[in-house]
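Using the sequences and the hints given, assemble the complete structure.
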Amino acid sequence: DAMVIQNPRYQVTQFGKPVTLSCSQTLNHNVMYWYQQKSSQAPKLLFHYYDKDFNNEADTPDNFQSRRPNTSFCFLDIRSPGLGDAAMYLCATSRVLGGMQPQHFGDGTRLSIL
Amino acid sequence: GNSVTQMEGPVTLSEEAFLTINCTYTATGYPSLFWYVQYPGEGLQLLLKATKADDKGSNKGFEATYRKETTSFHLEKGSVQVSDSAVYFCALHSGDYGGSQGNLIFGKGTKLSVKP
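Those sequence lines, one after another, are chains H and U.
To convert a position in the first sequence, counted from 1, into the numbering used here, add 131.
To convert a position in the second sequence, counted from 1, into the numbering used here, add 57.
Worth double-checking, as some hints may not be accurate.
Simulated crosslink set (SDA-like; lysine to any residue; CA at most 20 Å straight-line) [unchecked claim]:
1) U/Lys172 to U/Thr81
2) H/Lys175 to H/Ser153
3) H/Lys169 to U/Pro97
4) H/Lys169 to U/Gly98
5) U/Lys113 to H/Gln232
6) U/Lys168 to H/Gln168
7) H/Lys169 to U/Gln102
8) U/Lys165 to H/Ala217
9) U/Lys165 to H/Gln167
10) H/Lys183 to H/Thr202
11) H/Lys169 to U/Pro67
12) H/Lys169 to H/Thr202
13) H/Lys169 to H/Gln196
14) H/Lys169 to H/Asn194
15) U/Lys165 to H/Ser171
Some residues of chain U that are not near chain H, with every Cβ distance over 12 Å (derived) [said to hold, decoys possible]:
16) Gln63
17) Ser142
18) His150
19) Lys165
20) Val171
Just some of the chain H residues that point at chain U, by a computed CB distance under 8 Å [claimed, not checked]:
21) Pro149
22) Ser153
23) Pro174
24) Leu176
25) Leu177
26) Pro233
27) Gln234
28) Gly237
29) Asp238
What the hints contain is simulated information worked out from the structure, not anything from laboratory work.
Note that CB positions come from ideal geometry on N, CA and C, so glycine has one too.
Quick look at the structure:
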């Protein structure tokens, strides 16, 4: 089945130690998104790629960056994680931008900071 | 700006009870509306959607009707099962009219627990 795959499911890192989360998709979708979801809250969009065009949300901390080396893969890099960055990180895709296109989510990576 | 308001949870029901989760929205233009479901420890799954006024989305016994006059998109199911226990998110996408084209605006989520 075509899908969105996030690895690993659980990631533990130390305070201040850089960490990278990965996402891959077999849907061949043009758009890939990264969301942060803290406990009992709605997902919050960090940024998205439309093909190679990167779009950062205005309130996304500078600590968070992303790379999309090809259509299938997208990475979330957290340069110096703080305790407040502990959360579930969700990757999603959509075929194109626009309201009629639903987003397809991976199962998420739960990040813990020691 | 665009926003989604959904009823506070948690909602606890007995199996086979009727479910309603209220959702209202504020948006400019002609948004598309979605319900997503999140089972414990998993990502979000699209449950149903409606892209224009009076459309009814339906899936797995769940239904929601896009009501422009009341700016609502309430989720209903006639007979819930234990396996429906999850968090339900109402969301809107403003489409191509203003704002960030990538933004899906979520409500805060409603946790549903169904007891046998």
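Here is how each hint holds up against the structure:
Annotation: proposed proximity of U/Lys172 to U/Thr81 is violated, straight-line Cα distance about 27 Å (limit 20 Å). A distance of roughly 18 Å separates the Cα atoms of H/Lys175 and H/Ser153; the hinted pair therefore holds under the 20 Å criterion. Proposed proximity of H/Lys169 and U/Pro97 is supported: the alpha carbons are some 14 Å apart, at most 20 Å. A hinted pair counts as satisfied when its Cα atoms are at most 20 Å apart, and H/Lys169 with U/Gly98 qualifies at roughly 13 Å.
For the hint pairing U/Lys113 with H/Gln232, the CA-to-CA distance comes to about 16 Å; that is within 20 Å, so the pair holds. The hinted pair formed by U/Lys168 and H/Gln168 meets the criterion: a straight-line CA distance of about 15 Å does not exceed 20 Å. A C-alpha spacing of about 17 Å is found between H/Lys169 and U/Gln102, which places the hinted pair at or below 20 Å, so the restraint holds. The hinted pair formed by U/Lys165 and H/Ala217 meets the criterion: a straight-line CA distance of about 19 Å does not exceed 20 Å.
Restraint check for U/Lys165 and H/Gln167: the C-alpha separation of about 13 Å stays at or below 20 Å, so the hint holds. Annotation: proposed proximity of H/Lys183 to H/Thr202 holds, straight-line Cα distance about 8 Å (limit 20 Å). Pair hint H/Lys169 plus U/Pro67 holds up; C-alpha atoms about 17 Å apart against a cutoff of 20 Å. With a CA separation close to 28 Å, the supplied pair H/Lys169 and H/Thr202 exceeds the 20 Å bound.
Proposed proximity of H/Lys169 and H/Gln196 is supported: the alpha carbons are some 18 Å apart, at most 20 Å. Using a Cα cut-off of 20 Å, the hinted pair H/Lys169 and H/Asn194 holds, with the two alpha carbons roughly 17 Å apart. A C-alpha spacing of about 8 Å is found between U/Lys165 and H/Ser171, which places the hinted pair at or below 20 Å, so the restraint holds. Its closest Cβ contact with chain H, about 9 Å, brings U/Gln63 to no more than 12 Å, contrary to its assignment away from the interface.
No Cβ of chain H approaches the Cβ of U/Ser142 within 12 Å, the least distance being about 15 Å, so the stated non-interface status holds. The Cβ of U/His150 sits about 4 Å from the closest Cβ of chain H, inside the 12 Å cut-off, so the non-interface label is violated. Not every Cβ of chain H is farther than 12 Å from the Cβ of U/Lys165; the closest lies at roughly 5 Å, contradicting the non-interface assignment. For U/Val171, the shortest C-beta to C-beta distance to chain H comes to about 19 Å, beyond the 12 Å cut-off, and the non-interface label holds.
A cut of 8 Å between beta carbons decides the hint on H/Pro149: the least distance to chain U is about 24 Å, and the hint is violated. A least Cβ separation of about 14 Å between H/Ser153 and chain U goes past the 8 Å threshold, and the interface hint is therefore violated. Satisfaction of the interface hint for H/Pro174 is found here, the shortest Cβ-Cβ separation to chain U being roughly 6 Å, below the 8 Å cut-off. Contact between H/Leu176 and chain U, as hinted, is supported at the beta carbon level, the nearest pair being about 6 Å apart and thus within 8 Å.
Given hint, H/Leu177 at the interface with chain U, is violated; its Cβ is 11 Å from that chain's nearest Cβ, farther than 8 Å. With a least beta-carbon distance of about 5 Å to chain U, the hint placing H/Pro233 at the interface is held under the 8 Å criterion. For H/Gln234, the interface hint holds, since its Cβ comes within 8 Å of a Cβ in chain U; the closest pair sits about 6 Å apart. Annotation: H/Gly237 was flagged as interfacial toward chain U, and the flag holds, the nearest CB pair being 5 Å apart, inside 8 Å.
The interface hint given for H/Asp238 holds, since its Cβ lies 4 Å from the closest Cβ of chain U, which is under the 8 Å cut-off.
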